[in-house]
Every structure is written in structure tokens, then in C-alpha cells.
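Number of protein chains: 2
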Amino acid sequence: MSSVSSAVESFSVVESFRMESFRVERCRRMKRISILGSTGSIGQSALAVVDAHADRLQVVGLAAGENAELLGAQIARYRPRVAAMASGAALDRLKHQGPSDVTFAGTGRDGLVAVASHPDADLVLCASSGTDGLEAVLAAIEHGKTVALANKEVLVMAGGIVSEAARRRGVAILPVDSEHNAIHQCLHARRTSELKRLILTASGGPFRGRSSSELIQVSPDEALKHPTWRMGRKITIDSATLMNKGLEVIEAHWLFGVRADQIDVVIHPQSVVHSMIELVDGSIIAQLGVTDMRLPIQYAFSYPDRWPALLPSLDLARAGTLEFGAPDTDAFPCLRLAYRALEAERSLPVVLNAANEVAVARFLEGRIGFTSIPLVIERTMDAHRAAHVATLAEVRSVNQWAHEHASEAARGVELKV
Amino acid sequence: MSSVSSAVESFSVVESFRMESFRVERCRRMKRISILGSTGSIGQSALAVVDAHADRLQVVGLAAGENAELLGAQIARYRPRVAAMASGAALDRLKHQGPSDVTFAGTGRDGLVAVASHPDADLVLCASSGTDGLEAVLAAIEHGKTVALANKEVLVMAGGIVSEAARRRGVAILPVDSEHNAIHQCLHARRTSELKRLILTASGGPFRGRSSSELIQVSPDEALKHPTWRMGRKITIDSATLMNKGLEVIEAHWLFGVRADQIDVVIHPQSVVHSMIELVDGSIIAQLGVTDMRLPIQYAFSYPDRWPALLPSLDLARAGTLEFGAPDTDAFPCLRLAYRALEAERSLPVVLNAANEVAVARFLEGRIGFTSIPLVIERTMDAHRAAHVATLAEVRSVNQWAHEHASEAARGVELKV
Numbered sequence: 006m007s008s009v010s011s012a013v014e015s016f017s018v019v020e021s022f023r024m025e026s027f028r029v030e031r032c033r034r035m036k037r038i039s040i041l042g043s044t045g046s047i048g049q050s051a052l053a054v055v056d057a058h059a060d061r062l063q064v065v066g067l068a069a070g071e072n073a074e075l076l077g078a079q080i081a082r083y084r085p086r087v088a089a090m091a092s093g094a095a096l097d098r099l100k101h102q103g104p105s106d107v108t109f110a111g112t113g114r115d116g117l118v119a120v121a122s123h124p125d126a127d128l129v130l131c132a133s134s135g136t137d138g139l140e141a142v143l144a145a146i147e148h149g150k151t152v153a154l155a156n157k158e159v160l161v162m163a164g165g166i167v168s169e170a171a172r173r174r175g176v177a178i179l180p181v182d183s184e185h186n187a188i189h190q191c192l193h194a195r196r197t198s199e200l201k202r203l204i205l206t207a208s209g210g211p212f213r214g215r216s217s218s219e220l221i222q223v224s225p226d227e228a229l230k231h232p233t234w235r236m237g238r239k240i241t242i243d244s245a246t247l248m249n250k251g252l253e254v255i256e257a258h259w260l261f262g263v264r265a266d267q268i269d270v271v272i273h274p275q276s277v278v279h280s281m282i283e284l285v286d287g288s289i290i291a292q293l294g295v296t297d298m299r300l301p302i303q304y305a306f307s308y309p310d311r312w313p314a315l316l317p318s319l320d321l322a323r324a325g326t327l328e329f330g331a332p333d334t335d336a337f338p339c340l341r342l343a344y345r346a347l348e349a350e351r352s353l354p355v356v357l358n359a360a361n362e363v364a365v366a367r368f369l370e371g372r373i374g375f376t377s378i379p380l381v382i383e384r385t386m387d388a389h390r391a392a393h394v395a396t397l398a399e400v401r402s403v404n405q406w407a408h409e410h411a412s413e414a415a416r417g418v419e420l421k422v
Numbered sequence: 006m007s008s009v010s011s012a013v014e015s016f017s018v019v020e021s022f023r024m025e026s027f028r029v030e031r032c033r034r035m036k037r038i039s040i041l042g043s044t045g046s047i048g049q050s051a052l053a054v055v056d057a058h059a060d061r062l063q064v065v066g067l068a069a070g071e072n073a074e075l076l077g078a079q080i081a082r083y084r085p086r087v088a089a090m091a092s093g094a095a096l097d098r099l100k101h102q103g104p105s106d107v108t109f110a111g112t113g114r115d116g117l118v119a120v121a122s123h124p125d126a127d128l129v130l131c132a133s134s135g136t137d138g139l140e141a142v143l144a145a146i147e148h149g150k151t152v153a154l155a156n157k158e159v160l161v162m163a164g165g166i167v168s169e170a171a172r173r174r175g176v177a178i179l180p181v182d183s184e185h186n187a188i189h190q191c192l193h194a195r196r197t198s199e200l201k202r203l204i205l206t207a208s209g210g211p212f213r214g215r216s217s218s219e220l221i222q223v224s225p226d227e228a229l230k231h232p233t234w235r236m237g238r239k240i241t242i243d244s245a246t247l248m249n250k251g252l253e254v255i256e257a258h259w260l261f262g263v264r265a266d267q268i269d270v271v272i273h274p275q276s277v278v279h280s281m282i283e284l285v286d287g288s289i290i291a292q293l294g295v296t297d298m299r300l301p302i303q304y305a306f307s308y309p310d311r312w313p314a315l316l317p318s319l320d321l322a323r324a325g326t327l328e329f330g331a332p333d334t335d336a337f338p339c340l341r342l343a344y345r346a347l348e349a350e351r352s353l354p355v356v357l358n359a360a361n362e363v364a365v366a367r368f369l370e371g372r373i374g375f376t377s378i379p380l381v382i383e384r385t386m387d388a389h390r391a392a393h394v395a396t397l398a399e400v401r402s403v404n405q406w407a408h409e410h411a412s413e414a415a416r417g418v419e420l421k422v
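Heads up: the sequence lines are chains A and B, in that order. The opening residue of the first sequence carries number 6 in my numbering; numbering runs sequentially from there. The opening residue of the second sequence carries number 6 in my numbering; numbering runs sequentially from there.
Mixed in with the good hints, there may be bad ones.
Think about it this way: if two alpha-carbon atoms lie no more than 30 Å apart in a straight line, the pair counts; the simulated DSSO-like pairs of lysine-lysine are [claimed, not checked]:
{"#": "1", "chain 1": "B", "residue 1": "Lys421", "chain 2": "B", "residue 2": "Lys239"}
{"#": "2", "chain 1": "A", "residue 1": "Lys239", "chain 2": "A", "residue 2": "Lys421"}
{"#": "3", "chain 1": "A", "residue 1": "Lys36", "chain 2": "A", "residue 2": "Lys100"}
{"#": "4", "chain 1": "B", "residue 1": "Lys36", "chain 2": "A", "residue 2": "Lys201"}
{"#": "5", "chain 1": "A", "residue 1": "Lys239", "chain 2": "A", "residue 2": "Lys100"}
{"#": "6", "chain 1": "B", "residue 1": "Lys201", "chain 2": "A", "residue 2": "Lys36"}
{"#": "7", "chain 1": "A", "residue 1": "Lys230", "chain 2": "A", "residue 2": "Lys421"}
{"#": "8", "chain 1": "B", "residue 1": "Lys201", "chain 2": "A", "residue 2": "Lys201"}
{"#": "9", "chain 1": "B", "residue 1": "Lys230", "chain 2": "B", "residue 2": "Lys421"}
Derived by calculation from the structure, the hints in this document are not laboratory data. Owing to the predicted nature of the structure, the values given are computational and were not obtained by experimental measurement.
Here chain A stands alone, though its shape is the one from the complex (with noise of 0.2 Å):
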């Protein structure tokens, strides 16, 4: 009966603040979030661990590219504070749309920056492709946001900057990418003092098992096959060639203070282990879980709680098999150069990166051959005088130093038509 009865007077004055308390009792509980990069694969992905954790997660930024329409529908249904778009050609065609009580906060470097330094935000899932997450990140980190991180090129340009700052500022730093949220997992609570070597499982991409000579006609299509994860084209590409795998390496010095002779890759073709570390008295531990992208990212946007599974467990009897392999340095030269760029340190992996950019960019637009991408970045490494990178424009100076270079030797090595 009393049930009933305040269910009927629910809308009265005593009841509608009574319910404004329990909405801000529940706010606070909530984590509020902000996600650069939201219309590409990992964003999409973060929006439905969203979704499955409405209660326990709220939207205050969201950050794109220039894909308008997926944005302003994404607006619509999580009604975010503040957004953003790479251009200005883009936020038009997103104003357009509609009204909406959403803050445009402008385009390119700045938008990212407005939308990860957001006052209502606590955590910043930096899942923008490229290098232009940059400022972002570490405007996030001045702000005392936590970051959950999604981009490899922070790191492997401006680790030393960003770590730094994040150390500086007390602020953690969650690694979304599969390897390093494995890692991040397997480390748990555990002195660095215990830690022998981080050991990062590889798929071995789509050429696995095929020898350097096999991998000259080999297209963009059959690169973009990648066997376990579905990704964007320069992810891919970059898991094709290990150079992702490289980048990872990179990432994870920077992520787990560990040297580059400390990290060891293993090829995994299932995928099914994540990454593992080996601990002094020989001990390995690993973390396993099904290829899903939104695990990962749920555990960033959690910690230091986890919350129940949005998928099913992973079946290991029915996995059935897991294969382990050393990697083919020789097939796969970028794998090489990328622990050849983070043993020099100072600005080679900015070199690294950016020669890598270009090269794949080339490689999708079927003017370069796919064993020329590591071609490309090699020439522009031995072409480079290493240098110290101190501030974000030391970063970008060598960046643009590097993809005028890349471009060149890419021009060197183009396919005749």
C-alpha cells in the first residue's frame, strides 16, 4: 500500500527533491568522461562499455575526427558538455545537424585540448589517431585527469615529456592498448623490484610464416586482413609489417620504466594471451581474455574497481590451442628499427614514427611496396643526426623534419604503374 501511494505522489515538491538528492548522491558516484577520438573504432568501443555501465558512467566530452553525422548522433544520445571536430569544414556540417545545449569547443589541437581539460571531466580516453592527441594528453594530465590511453604515438614521441608530467602531477596514466592493459593487469600491486622482463604477444599480422621475398607483391587489401582484431587501416597496416608491435615496445618502456633489453615480443597467433610479465624468481604471469577491445577499455574506466563482464568468459577448452613463436626480424624489419630507435632514445622514435606514418600512408595509396615501408623508415633514421626533445616543440620540429624526409625516400622507392 505505502508503495503505491508514493509511487502516486511521486511529483510532489518533498518527492521531486528527495529524487534531485539521490540524482546528485548518484552523480557523484558516477565517472565522468571524456573521450577523444570517439567516432573511430576504440571510441565507438568506449561508448558501449558506456552504454553496458550507464549507471556507474556519464559522457561529458566527445572529440572526432571529421566524421560529423556519427558525432552529432553521439551527442544526441549521450548529451556530452563540450565537443570537438579536427576541422572547421566538419563542425559546420555538425552544427547543421540541429540545436543542441552542447558546447562546441573549437577544432583541431585546440578542440582535443578543450575537450580533455573539460572541469567536469575525471578521466580522458585519448583515442584520436596520430600525433594530435599530443597536447591534449598532456593538458589532461595539468588538470589532474586521469588518462586512459589509447594512442600509441603519445608515448612513442613524447614519453619522456609525458611521464614526466604525469609523475609531476600525481596523475596515473591507463594503458587501453591490449598489451600494456594486460601488462598494467599482470603487474598489479607488485614491486618493479620484482619484475625480470615485460614479454608483449604478437598476432604475427596477416604474412606470418612468409619470408621477406614473399612479402614484395603482397597488396594493401591482404594487409588489412588482419586474423584477430578489427581495427583502423593504419593500425592494421602497422600489425602487418610489427611495426605496432614495435611502437608497443616503445610504449611500453615508457609506460612500465623498463629498458628495451627488459621487453621481449612472442608471436601469439590467437591473440588469446594478451601479454605477460616475468617476475625475478622466473615466474611468468600472463593475462588472457577474448579479443574484444571493450575489455580493455572497461578495465581503464574501472580501476581501481573492476565491474562484471559485459561479454561472455573466455572458453579455453574450447580456444582449444595457443601457439608461441619467436618474431622473423628479417621478414619483419620494423620490429628492428624499433628497438634500434628506442636504444638511442632522444628524438629517433619521433623519427621512427613519423617515417612510419608516411610510409604506410603510401603503402594504402599503392605507390610504395609493402617491404619498402621499412625501406622508407630505415633511410630516414640513418639520415638523422639524434637529438634531445625536451618540449613538445623539439617533438614537432623533428616530426616534420622527419615526414619531408619520409616523403623523399617514399618517392625513391615508388612503384613504376
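Please arrange chain B on chain A, whose structure you already have, making use of the hints.
Same frame as chain A, but now just chain B:
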């Protein structure tokens, strides 16, 4: 100059006083251990760990069964304070080996209790076989000593009594069994509220893949050939029947406070993944390593620290392939029987264990067939009226009843030779 002169003067009174202080200082940092079952497979591995970490470990007590010759050699080498043997005859043989400053603590369970509760011991490794270690483990707990447990029967028979005593006394029980040791490593500092289930791996034993009809004719010699682990005879047969895994399921229940339906078993013939946990969000954490008992023993001895490896790292790329599959409880009904005993709790696990001891002994004697092992156990369980077991006397009473009933049941299925 000064270092040379101090070396020359090192036998002065002052210097020898200094050395004495250093020895005291060193002893304080040493972990002092007693080993119950020092001449068995686990006991010998434990002493190999002591050899590798002689600066960190000191042997205080040794207890063995009947192997007086080996125990005599161990006493001469490790110079413990106290020693015990299973029988008076064995102890006489030990005493006849020559003079020693060790104290003989007695025989049987009293001897084990005296070694386990010696005031100088910090940690007691219980690696004695069968049920004799029960009182000794309780005595170690009552005396506030850390218990490293390598004996399954202790928790299968008296899990409630032992875990309650450890909880009350604030004493840690560190599992040495590779599976539970793996789970202990995976759980590291995690909240139990985060745990969804345990996944125990099982090699599947030498008869993996065979049907029950193919198992009727197998001989003790065939059953003693374990594919991956080298262990004692009883436990090797338990591995072949999967009863070993069943006992581990019951043990895991008591060690980690999880229900039977939260413990899964997966067949993994390579024994590289030693066991796993699944967390609430679907993430699986696994522990991997080479199959050598010195590693979990060292983990228990060093806990909460980790000491340098005494074996080469596991090379996963060389290991190559790891297989996983579901256990076949039709061909291996012992695993099903163990779940049944655990679900019923109370006295049924005691009956399961006792009946298994009898059945395995009869099988090793060539008196019953391999497939009669689960038959003897099931018939004994069926005949038992489950009761609460709150004291060791009650446990011993049920144990004796089950031994007698199982002996009777075994006679009913004896092979006609």
C-alpha cells in the same frame, strides 16, 4: 693499506666480536624452516632451494618416514636442531649412523608435531605424505608459524578445522602444490570480491583421451608414467585417475574460500600454465613456468619477497604449443566424485580421500584394476552417512571407517589372477 691490515688483525678479540655480531645480524635475516617429509620428492626439492639460497634459509628441523640413510645424510649436511622419523625402527637405524648434535624428537605423529612446533622455526613445510601431517600442521599453526603446504590430505580431510585455526591465529598457509601456488600468485593483493572463478589446469595424466573401456586393462607401470611432472607413486596414480585434480578442487575451496561451482578444471597436457583465475570483468590471470617444484617451493619460502631464479626462464617460443580441453568425467569419474564430496561437505571429503588411498594401494599391489579405483570410492561414499566433523578425533574416526569400508569394497572387485 687499511683493508689489508684489518684482514691481518681479523682474529683479534675485537674482530671476532664483530664477526659474532655479523652472524647474529645474518641469522636475523635468515628464514628458519622445518621440513616434514624431507626425504621425499618435495622434501629433496626444498633442500635444493635451501642450497641455492643458503644465505637466506636455515634448516631447523627435518622429519622423514623410513629412509634413515638419506635423513642421516641430510642431518650431516644441514645440521638441523631437531629430527624425527616415522617408526622406532627407522629412528634406531638413524641413531646408529654415528654421533650428531641433533635432538631426536620422537616418532610418528608426535615426532612430526615436535619438529613442526620447534621454537626456532619460522616456517614449516608440510611435505609428508598421507594424513600423518594433520596434527603437525595444526601444531605449527598454534605456534604461530607460517605453513607451506605441499600435502593435499591435510585440507581435504580437515579443511574446516585447519583454515579456522589459521584464521584465528593469523597464520598464513602458503600452497606449494603448483596449481594452488599459481592461484596464490595470480590473486596477489586482489580483493576476493573481484574473483569470479578459479581455473585449475590438469595435465590429464598418461591416459588422457582414452575411453573408460580402454582403461580397464592399464597396468600400474603404465599409470606411473606421468607425462610432465615427476612425483611420488601415490600422487602419480592420482594424476592418472584425475583424483589428484579432484583433491585439488577441495583444497582450493579451503585455501581461497570459493564454492565448488566457482572452481573449474581444464585439461592442459603441457603443464606450462599452472593455473588461472577469472576476475568479475572476464579478465583471466594465469601463472606460467617451467615444471619444476623448486619454483613453488621457493615462492613459499621467499614470500612475500621473491628471490632470484634458480632455473632458466621458461621459453614460450620454444614451448611452441599449449593445448586446452575439457576433462572427460565419464572416463575419469574420480573428478566428479570429488565435486560430489565437496558439495556435500561435512565428512564426505574424508571418506573420498580415505577410500582413494585404499583403492590406489590395491591398484599398485596389482589386486584391483584401474577402473575399479573410482568404483571402490563411489561404493564407500554411497555407504557413508555424512556427518559434521568438528574435531581431529572425528576426522580420524571417519577416516578409519572409510579405510575399513573401502578395503571391504576393494575385496569385492579383486582381479582373478
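Here is how each hint holds up against the structure:
no.: 1; hint: B:Lys421 <-> B:Lys239; result: holds (23 Å)
no.: 2; hint: A:Lys239 <-> A:Lys421; result: holds (23 Å)
no.: 3; hint: A:Lys36 <-> A:Lys100; result: holds (28 Å)
no.: 4; hint: B:Lys36 <-> A:Lys201; result: holds (24 Å)
no.: 5; hint: A:Lys239 <-> A:Lys100; result: holds (29 Å)
no.: 6; hint: B:Lys201 <-> A:Lys36; result: holds (24 Å)
no.: 7; hint: A:Lys230 <-> A:Lys421; result: holds (25 Å)
no.: 8; hint: B:Lys201 <-> A:Lys201; result: holds (29 Å)
no.: 9; hint: B:Lys230 <-> B:Lys421; result: holds (25 Å)
When the structure is compared with the earlier hints, no violation turns up for any of them.
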